[in-house]
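Enquirer: So the sequences go chain by chain: A and B. Residue 1 is where the first sequence starts when you use this note's numbering, and the numbers rise one by one after that. Residue 291 is where the second sequence starts when you use this note's numbering, and the numbers rise one by one after that.
Because the hints were derived from the structure by calculation, they are not lab data. Careful, some of the hints might be misleading.
Said to hold, decoys possible - A few chain B residues facing chain A, derived, Cβ under 7 Å:
hint, residue
1, P371
2, W373
3, Q400
4, L405
5, V415
6, I488
7, N491
8, T571
9, L580
10, M585
11, V589
12, I600
13, S603
Claimed, not checked - Distance windows between CB atoms, simulated:
hint, chain 1, residue 1, chain 2, residue 2, range
14, A, F253, B, V457, 34 to 40 Å
15, B, V518, A, A118, 55 to 61 Å
16, A, L5, B, K419, 18 to 24 Å
17, B, V422, A, L5, 27 to 33 Å
What the hints assert, rightly or not - Cross-link-like lysine-lysine pairs, in silico, DSSO-like; alpha carbons within 30 Å at most:
hint, chain 1, residue 1, chain 2, residue 2
18, B, K599, A, K284
19, A, K88, B, K599
20, A, K284, B, K430
21, A, K284, A, K163
22, B, K430, A, K263
23, B, K430, A, K88
Every residue gets a Cβ at the ideal spot worked out from N, C-alpha and C, and that includes glycine.
If you want the building blocks of each chain, they are given just below.
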Amino acid sequence: MVLSLIISALVIGSVYGLIALGYSLIYSASGLMTFCQGELLMFGAFIGLTFYRYLAWPFWIALLVSMLIMFILGMLIERLLIRTILSKHAQTIYVVLATIALGIVLKNAAQHLWGTTAVQFPTIFGVDFINVMGTNVQPEAFVCIFLSIVVMVVIHLFMNKMKFGTSMRAAAMNPLAARSVGINVGLTTGVTWGLSASLAGLAGILLGPVQGVSIMMSTTIGTKAFAAAVVGGYGNMYGAILGGVIIGFVETFGAAYVTSSYKDFITYGILALFMIFMPRGILKGDVYES
Amino acid sequence: MKFIKKIKPEIWGILFLCLVFLLISKNVYYITLFVFCGIYIIAVSGLDVLFGYSGQISLGHAMFYATGAYTSSLLALQGVPVWIGIFAGIAVSILLAAVVAIPASKLVHQFLALLTIAVGNMVYVFLSKAKVTGAMTGVKNIPDLSIFGIMLDTKLKFGIFMLVMIVLFLFIKSRIINSSTGRALMAIREDVVAADGIGINVRKYKILAFIISAVFTSFAGSMYAHFVGYVSPDGFTGTQSILLLTMLLFGGAGNMVGPICGAVVITIMNETLQGFSTYKTLIYGIVILLAILFMPRGVFGLVQDIIRKIKSSFGRPVKKNAEN
Numbered sequence: 001m002v003l004s005l006i007i008s009a010l011v012i013g014s015v016y017g018l019i020a021l022g023y024s025l026i027y028s029a030s031g032l033m034t035f036c037q038g039e040l041l042m043f044g045a046f047i048g049l050t051f052y053r054y055l056a057w058p059f060w061i062a063l064l065v066s067m068l069i070m071f072i073l074g075m076l077i078e079r080l081l082i083r084t085i086l087s088k089h090a091q092t093i094y095v096v097l098a099t100i101a102l103g104i105v106l107k108n109a110a111q112h113l114w115g116t117t118a119v120q121f122p123t124i125f126g127v128d129f130i131n132v133m134g135t136n137v138q139p140e141a142f143v144c145i146f147l148s149i150v151v152m153v154v155i156h157l158f159m160n161k162m163k164f165g166t167s168m169r170a171a172a173m174n175p176l177a178a179r180s181v182g183i184n185v186g187l188t189t190g191v192t193w194g195l196s197a198s199l200a201g202l203a204g205i206l207l208g209p210v211q212g213v214s215i216m217m218s219t220t221i222g223t224k225a226f227a228a229a230v231v232g233g234y235g236n237m238y239g240a241i242l243g244g245v246i247i248g249f250v251e252t253f254g255a256a257y258v259t260s261s262y263k264d265f266i267t268y269g270i271l272a273l274f275m276i277f278m279p280r281g282i283l284k285g286d287v288y289e290s
Numbered sequence: 291m292k293f294i295k296k297i298k299p300e301i302w303g304i305l306f307l308c309l310v311f312l313l314i315s316k317n318v319y320y321i322t323l324f325v326f327c328g329i330y331i332i333a334v335s336g337l338d339v340l341f342g343y344s345g346q347i348s349l350g351h352a353m354f355y356a357t358g359a360y361t362s363s364l365l366a367l368q369g370v371p372v373w374i375g376i377f378a379g380i381a382v383s384i385l386l387a388a389v390v391a392i393p394a395s396k397l398v399h400q401f402l403a404l405l406t407i408a409v410g411n412m413v414y415v416f417l418s419k420a421k422v423t424g425a426m427t428g429v430k431n432i433p434d435l436s437i438f439g440i441m442l443d444t445k446l447k448f449g450i451f452m453l454v455m456i457v458l459f460l461f462i463k464s465r466i467i468n469s470s471t472g473r474a475l476m477a478i479r480e481d482v483v484a485a486d487g488i489g490i491n492v493r494k495y496k497i498l499a500f501i502i503s504a505v506f507t508s509f510a511g512s513m514y515a516h517f518v519g520y521v522s523p524d525g526f527t528g529t530q531s532i533l534l535l536t537m538l539l540f541g542g543a544g545n546m547v548g549p550i551c552g553a554v555v556i557t558i559m560n561e562t563l564q565g566f567s568t569y570k571t572l573i574y575g576i577v578i579l580l581a582i583l584f585m586p587r588g589v590f591g592l593v594q595d596i597i598r599k600i601k602s603s604f605g606r607p608v609k610k611n612a613e614n
């Protein structure tokens, strides 16, 4: 029983971690907040579902193509929406509101394209359950956890060891200086948004077999992943992962042992408490306080 | 009674027209529409004090709408006189506003927004799960208001009462924003550091802005509860908070007319779109995006810009050889 709880916690925790990673990437790359990662997760899940279930493509191809589409979508969002607002020198809060509005539009577009009922994402391996140490676990759960770890390691290496990743970090720290050194800041910002959208899509597809795909998943997961990002330290990539795991565990074990109808209350409560007492999170992200 | 002289004749004209409209409306639907516009005018004006004047963003304002509505309706069902219930609702909202505002005064924009979302969601979860608030079925058979002994049991009577309340609250708002408090709020909105530098107690005014806006929205919520007679958690979700903000952004924040404009237009749009309920939130989203991209100061700001352009095109051209 505890084992299946741990695995569920790790699954949802890694999903939160992937989305929180997207939030932190965007924040550290452009100082902006985005509130539409949850909707991008749902959108990516639906796109993956379309390829895998309705067009019967092999899973890995469906996954990679969906991630690519989400990447392009993310770059388009940055170029068309964010840059337009920033070029009008509006307050950054308008970017936040624009992403919220975009999230609403995405959610409704998905509703019209795919309907409101939750859809089952078909199994990847053809077996529903495998027996691990006495409990039945979906093999997709392991895929989810494993792929998340792989992706996080890849991003860490990309940001630290590869030239483009380093230039992304430079552009985040100081766009003007980065431009002077010859870094294409517009490109790096676009790639950051594209990457975050891609991560959200990946998380959605990984979560699909475990929890199904529906439009209801969007806003709730988005807000909770926000909680994860804040808990771990907003703007800090590793904090995002840490926060995701923490929130995943608290939510799963809280629902199992304390109360399951108020489980959202607990997660939002943790978010509120952290915002009040520790807005910089555990790993000390760059929350600006006045 | 000096203030009556200060109110411009145009405003008396508008009020008179509203009164006539209410009295001659054969169809009760129009009165209902009017009352809803009024409820949202008060609620959005409150949000304007917070966002338009002190620059703090709240994406969970439906929580104050909810506390006003639920508190006054639950107390009224227990036999408490309705007006005491409304004031109790306001008191609860002030308490909630203080709880949110005190930590919020330290946070900057986006993180403040996040805190308001979190608390707003917490209030929603509580309302939808707790037995005392009726969980998802909500509260039914809420008694009518009575003022000075007259029971507001018909929609017409409520409509006239609403008209008086709209005037009252807009008057309160104009007194607040034209006072030193209002100027302090605007200073905080423009430049927090400078405001602090000239001696404004930034923390106190930020919290005050929250409390004022909570009072307005809470009263609007109580009005909603007693007019409709039934409340359920559906009306107080995050979508409702976004609706309030949509109205504010669309109409124009930071002035008296903008929130009225936004509230009226969006309420009417809301009603005309009743048949397309699945498209409703989509249209809200698109409206917000359009407002942000093309009308950052709202419809009222757009109108002001147009008037300014027209006025400047009538100006006298500058003489060419000014030195001669």
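Enquirer: With reference to the structure, classify each hint as holding or not holding.
Expert: So, going through the hints one by one against the coordinates:
1. P371: With Cβ-Cβ at 32 Å, over 7 Å, it is violated.
2. W373: violated (32 Å)
3. Q400: holds (4 Å)
4. L405: Holds - the Cβ of L405 of chain B comes within 7 Å of chain A, reaching about 4 Å at its closest.
5. V415: holds (4 Å)
6. I488: With a closest approach of 16 Å, the I488 of chain B hint is violated.
7. N491: Constraint on N491 of chain B not satisfied, violated at 14 Å.
8. T571: It holds, given that the least Cβ distance between T571 of chain B and chain A is near 6 Å, below 7 Å.
9. L580: violated (9 Å)
10. M585: At about 11 Å, which exceeds the 7 Å cut-off, the nearest Cβ of chain A leaves the hint on M585 of chain B violated.
11. V589: violated (16 Å)
12. I600: Given a least distance of 23 Å, the restraint on I600 of chain B is violated.
13. S603: At 24 Å from the nearest chain A Cβ, S603 of chain B fails the 7 Å test, so the hint is violated.
14. A:F253 to B:V457: 34 to 40 Å: Violated - the Cβ-Cβ distance for F253 of chain A and V457 of chain B, about 54 Å, lies outside 34 to 40 Å.
15. B:V518 to A:A118: 55 to 61 Å: violated (32 Å)
16. A:L5 to B:K419: 18 to 24 Å: Hint holds: Cβ distance 22 Å, inside 18 to 24 Å.
17. B:V422 to A:L5: 27 to 33 Å: Check passed, 31 Å falls within 27 to 33 Å.
18. B:K599 to A:K284: Violated, at roughly 49 Å.
19. A:K88 to B:K599: Holds - the C-alpha atoms of K599 of chain B and K88 of chain A are around 19 Å apart, at most 30 Å.
20. A:K284 to B:K430: Measuring from Cα to Cα gives roughly 48 Å; hence the hint is violated.
21. A:K284 to A:K163: holds (26 Å)
22. B:K430 to A:K263: holds (27 Å)
23. B:K430 to A:K88: Status violated; Cα separation ~48 Å.
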